[in-house]
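Participant: Here's the letter readout for the chains.
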Amino acid sequence: MTNLLSPSAMGTDRVRVDGAAKVTGRARYACEHPVPHPVYLHPLQATIARGTVRELHTDDATALPGVLTVLTPFNAPPLETGTDAELEILQSPEVAFRGQLIGAVLAETPEIARQAAGLVRARYDREPHDVTLSADRDDLYAPEVVNPSLPTDTHDGDPDAAFAAAQRAVEATYTTPMLHNNPMEPHATIAIWDSDGLTLYDSTQGVHAMREVVTSVFGLEPDQVRVLAPYVGGGFGSKGTPHANLVLAVLAAKRTAGRPVKFAVTRQQMFSFVGYRTPTIQRVRLGADADGRLVSISNDVVEQTARIKEFAEQTGVPARSMYAAPNRRTTHRLAALDVPVPSWMRAPGECPGMFAPEVAMDELAEACGLDPIELRVRNEPETDPDSGLPFSSRNLVACLREGARRFGWDRRPRLPRSTLDGGWWVGTGVASSSYPVHSAPGSSATVRATGGGRYEVLIGAVDIGTGAWTVLTQIAADALAVPAERVDVRIGDTDLPEATVAGGSSGTTNWGSAIVEAAREFRQKFGADPHPGDELTAGMPELPGHERFAMRAFGAQFAEVRVNADTGEVRVPRLLGVFAAGRILNPRTARSQFIGGMTMGLSMALHEESVVDERFGFVVNHDLAEYHIASCADVASVQAHWLDEHDPHVNPMGSKGIGEIGIVGTAAAVANAAYHATGVRVRDLPIKADEFLEEAR
Amino acid sequence: MIPFDYRRPDDIGTAVATVTGNPRAAFLGGGTNLVDHMKLGVAEPELLVDVTGLTSRDIERLPDGGLRVGAGVRNSDLAADPLVRERFPVLAQALLSGASGQLRNLATTGGNLLQRTRCVYFQDVTTPCNKREPGQGCSALEGYHRHHAVLGASRQCVAVHPSDLAVALAALDAVVRVQGPGGERTIPAETLHRLPGEHPERDTVLEHGELITAVDLPGLPFGPRSRYRKARDRASFAFALVSVAAALDVAGGLVRDVRIAFGGLAHKPWRARLAEDALRGRPAAPDEFRAAAEAELADAQPLRDNGFKVPMARNMLVSVLTELSAEDGAA
Numbered sequence: 001m002t003n004l005l006s007p008s009a010m011g012t013d014r015v016r017v018d019g020a021a022k023v024t025g026r027a028r029y030a031c032e033h034p035v036p037h038p039v040y041l042h043p044l045q046a047t048i049a050r051g052t053v054r055e056l057h058t059d060d061a062t063a064l065p066g067v068l069t070v071l072t073p074f075n076a077p078p079l080e081t082g083t084d085a086e087l088e089i090l091q092s093p094e095v096a097f098r099g100q101l102i103g104a105v106l107a108e109t110p111e112i113a114r115q116a117a118g119l120v121r122a123r124y125d126r127e128p129h130d131v132t133l134s135a136d137r138d139d140l141y142a143p144e145v146v147n148p149s150l151p152t153d154t155h156d157g158d159p160d161a162a163f164a165a166a167q168r169a170v171e172a173t174y175t176t177p178m179l180h181n182n183p184m185e186p187h188a189t190i191a192i193w194d195s196d197g198l199t200l201y202d203s204t205q206g207v208h209a210m211r212e213v214v215t216s217v218f219g220l221e222p223d224q225v226r227v228l229a230p231y232v233g234g235g236f237g238s239k240g241t242p243h244a245n246l247v248l249a250v251l252a253a254k255r256t257a258g259r260p261v262k263f264a265v266t267r268q269q270m271f272s273f274v275g276y277r278t279p280t281i282q283r284v285r286l287g288a289d290a291d292g293r294l295v296s297i298s299n300d301v302v303e304q305t306a307r308i309k310e311f312a313e314q315t316g317v318p319a320r321s322m323y324a325a326p327n328r329r330t331t332h333r334l335a336a337l338d339v340p341v342p343s344w345m346r347a348p349g350e351c352p353g354m355f356a357p358e359v360a361m362d363e364l365a366e367a368c369g370l371d372p373i374e375l376r377v378r379n380e381p382e383t384d385p386d387s388g389l390p391f392s393s394r395n396l397v398a399c400l401r402e403g404a405r406r407f408g409w410d411r412r413p414r415l416p417r418s419t420l421d422g423g424w425w426v427g428t429g430v431a432s433s434s435y436p437v438h439s440a441p442g443s444s445a446t447v448r449a450t451g452g453g454r455y456e457v458l459i460g461a462v463d464i465g466t467g468a469w470t471v472l473t474q475i476a477a478d479a480l481a482v483p484a485e486r487v488d489v490r491i492g493d494t495d496l497p498e499a500t501v502a503g504g505s506s507g508t509t510n511w512g513s514a515i516v517e518a519a520r521e522f523r524q525k526f527g528a529d530p531h532p533g534d535e536l537t538a539g540m541p542e543l544p545g546h547e548r549f550a551m552r553a554f555g556a557q558f559a560e561v562r563v564n565a566d567t568g569e570v571r572v573p574r575l576l577g578v579f580a581a582g583r584i585l586n587p588r589t590a591r592s593q594f595i596g597g598m599t600m601g602l603s604m605a606l607h608e609e610s611v612v613d614e615r616f617g618f619v620v621n622h623d624l625a626e627y628h629i630a631s632c633a634d635v636a637s638v639q640a641h642w643l644d645e646h647d648p649h650v651n652p653m654g655s656k657g658i659g660e661i662g663i664v665g666t667a668a669a670v671a672n673a674a675y676h677a678t679g680v681r682v683r684d685l686p687i688k689a690d691e692f693l694e695e696a697r
Numbered sequence: 001m002i003p004f005d006y007r008r009p010d011d012i013g014t015a016v017a018t019v020t021g022n023p024r025a026a027f028l029g030g031g032t033n034l035v036d037h038m039k040l041g042v043a044e045p046e047l048l049v050d051v052t053g054l055t056s057r058d059i060e061r062l063p064d065g066g067l068r069v070g071a072g073v074r075n076s077d078l079a080a081d082p083l084v085r086e087r088f089p090v091l092a093q094a095l096l097s098g099a100s101g102q103l104r105n106l107a108t109t110g111g112n113l114l115q116r117t118r119c120v121y122f123q124d125v126t127t128p129c130n131k132r133e134p135g136q137g138c139s140a141l142e143g144y145h146r147h148h149a150v151l152g153a154s155r156q157c158v159a160v161h162p163s164d165l166a167v168a169l170a171a172l173d174a175v176v177r178v179q180g181p182g183g184e185r186t187i188p189a190e191t192l193h194r195l196p197g198e199h200p201e202r203d204t205v206l207e208h209g210e211l212i213t214a215v216d217l218p219g220l221p222f223g224p225r226s227r228y229r230k231a232r233d234r235a236s237f238a239f240a241l242v243s244v245a246a247a248l249d250v251a252g253g254l255v256r257d258v259r260i261a262f263g264g265l266a267h268k269p270w271r272a273r274l275a276e277d278a279l280r281g282r283p284a285a286p287d288e289f290r291a292a293a294e295a296e297l298a299d300a301q302p303l304r305d306n307g308f309k310v311p312m313a314r315n316m317l318v319s320v321l322t323e324l325s326a327e328d329g330a331a
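Residue numbers (the working numbering), protein chains in the order written: chain Y, 1 to 697; chain G, 1 to 331.
Careful, some of the hints might be misleading.
Derived contacts from chain G toward chain Y, CB cut-off under 7 Å, selection only [as the list claims (entries may be wrong)]: (1) M1; (2) L141; (3) Y144; (4) S236; (5) F237; (6) P311; (7) M312.
No lab work stands behind these hints, which were simulated from the structure alone. Yeah, the Cβ is synthetic: ideal placement off N, Cα and C, and Gly gets one too.
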């Protein structure tokens, strides 16, 4: 058990330390940093999905006044190759997906760069491409592991035999579409090479993670590269690993004799090379006895990766730990296609992987004649079904009960298609939510006394809008036993102590634990009244509980759905989530994380879908007018509540990550509510009006 | 985007002459669609002639109880006008169902009518499109066409017109006033937009250099009993899957007169003449509305993925007319 930090600043409602700077426009995002005499980059992208660039005619572009140079695969500086094909751009004329970066124009203004890019003519040797995911392809393969390094398949007992013998059974295939991360701030970089080395202002989720990759790709030492990211306008995972745009900016900066290169990715370009969530096809089989006790759970997942680089989303993983059943199987099979490289998008694995099983649970509840909450309660495991370890804390049932009470679940008609109100079918649905407690080594923090009872806390963490900056201030204050007003936390710079990436809902655990350790050692060494300038750096301690316990946050998502009887239009007037995620360190920023995740889940349920035209091989609805994200009018009442959960094992703060759980289960709750409203079971996201117009099929 | 010249002439005549004299010139209104297209390379005018200070921003009363709307009237101003709201609620509702507050504050009456299709292939210069480049072929026919036409399309183009305003104007027998190099002419709103036929590159019957200066709304005694309904994938800031503009006059339980136009079904606002003819003199009852809707939609030819639009349009028309007839009875 960890010696839990006594909360004083932690748990209080504090405004964001960066809030005023953001709302008054003083916060500088990546491309806004004032740099002298910048050069602007506009990329060239392949317009075939597979083949070879035979020629790039750049004469018209270079003849344009203001154009400095055009980078191509035939003249680009070399990179260290052989480790990451996604990043090794312009090293060969081969095209592996449509939209791939095949060059760049550098010019005195962004307008000239863009115009010149339009003047470059490419000639290709085309090869037939294949971008079609289906479950019956004969070339599906099992990856060695799934993200981040989890077993590809799990087998317990004999799930097929148990399913065949089950008294109640649900077997169905569910799909989630390709989805694209669309943070408010598109990816952006300023790259500057000078005598000291390389400086990058980058919109990133991890300055040290970016530095590590840049040093590797460019053959540099860490002390030659500085990455700064004081403010970042969201990422949702797409800025957690570097993508080709960063490499292109750095490559280009090698050709500008020290002038800074600015590369601001456009919204359309974000659909080509900064990652996305793979489409998934999930075949779920649930077998139960007549009382609804599960005897068999399986989820066989098919999804895609890129031919040039593997990313295997861990979609089957949540089914390993949610419910008790003696016979269980999860599998992942991939199709390697001529597509961009998929990557992290908020709650990879959990988000799509809780859609299918949680809709299947709703179907099983109906097959058993049980309330869907009761079905889940009956299948609550005593220990983690996957690892066999005890849970450090697990309050799924309490979340379901509290959510039911707050939502008014007892007023729910038992039968679907029971309520027609003003031309709208009305229904309600529920789904479970869960997200693991991740931790990773590699963070350290410096505590420094600055005099007058004030302290600086330094850590190279990044706040991508999560509230991390604020929460770290609260943690540091309690660790130093001083008011939060006396602590200045500095983040977002590789000159600060090393920090892990803002991903996997792990920032608070990793960075907070390092800060707590540094503060404790600082107090031991310098006491309660240090001299100005006293400072101490410490690394994140081991968190022994992570070996002995299964650790997850849990939640319950409730949705009310209205489906128009004339048009099939689907609206969600109400979402309510109850979460058990350890100690909530700042209710203001936590609520924002929860309702933000739930809103993104609503958007996934009803709107988001990257439409790939298989003939051309790319996402044709590649802007925010056509790729719909929930608008304000779609988001009516979204409530997030939480239980006071005491977990002494997770970390010194007693907190679990909250950045991703909000999106987990939301889409299933909405789909289940849409079924309850109409009697129409939708198993393919997004849920569209078309499904409810009977004559459309 | 390519470099372009920008001019603000002092009068409409100069503006028309300037654009007429340069095949690569374009009028600039609110710019909410044209400027996007310039960034995307879909439109490449070398000269923009800004008419926002030239065309009227006034809404005037006409002697017949109608209104004359200057082409420079912003969408938000038109939607908020008390006379529009009182006499032609369908028009205010159509405007407010479109775009976003910020866009409506910029978009003009004339420009709204001339916005171009949202077909994803039209908007992406790397994919073939007959509307953008005649002869390239239609990518939507076998591609992503859930939003596309079910009525009046051709093999050359299955795009739909995106304007909500235009649908309401078609239903209201509005008249578009146009200034061209040869002087002024008027065009019924219903015929301003074309079906694609063999020339999908032409959205409207306007000639190059013709400028919309105003839209006349003729007096319609039953205009106050009108309604716009729009079905869409999200509650705001989405183009219509299907929309219906309707006005209904009921006397003694019978349909005395009716105006109906659909949006989202065709390359132009679809004035539902068949349905109107079927309804005049018939009982104002849901069965009749349904039969009329089915008559109008009988020739629908859905594509692979947009068959839902036909029952959607039918259901919406029945509902809207049923609601209007109830309103009428209460009045």
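Participant: Each of the hints needs a verdict: does it hold here or not?
Facilitator: We went through each hint and held it up to the structure:
no., hint, result
1, M1, "holds, 6 Å"
2, L141, "violated, 11 Å"
3, Y144, "holds, 5 Å"
4, S236, "holds, 4 Å"
5, F237, "holds, 5 Å"
6, P311, "holds, 4 Å"
7, M312, "holds, 5 Å"
Checked against the numbered hints above, the structure violates only hint 2.
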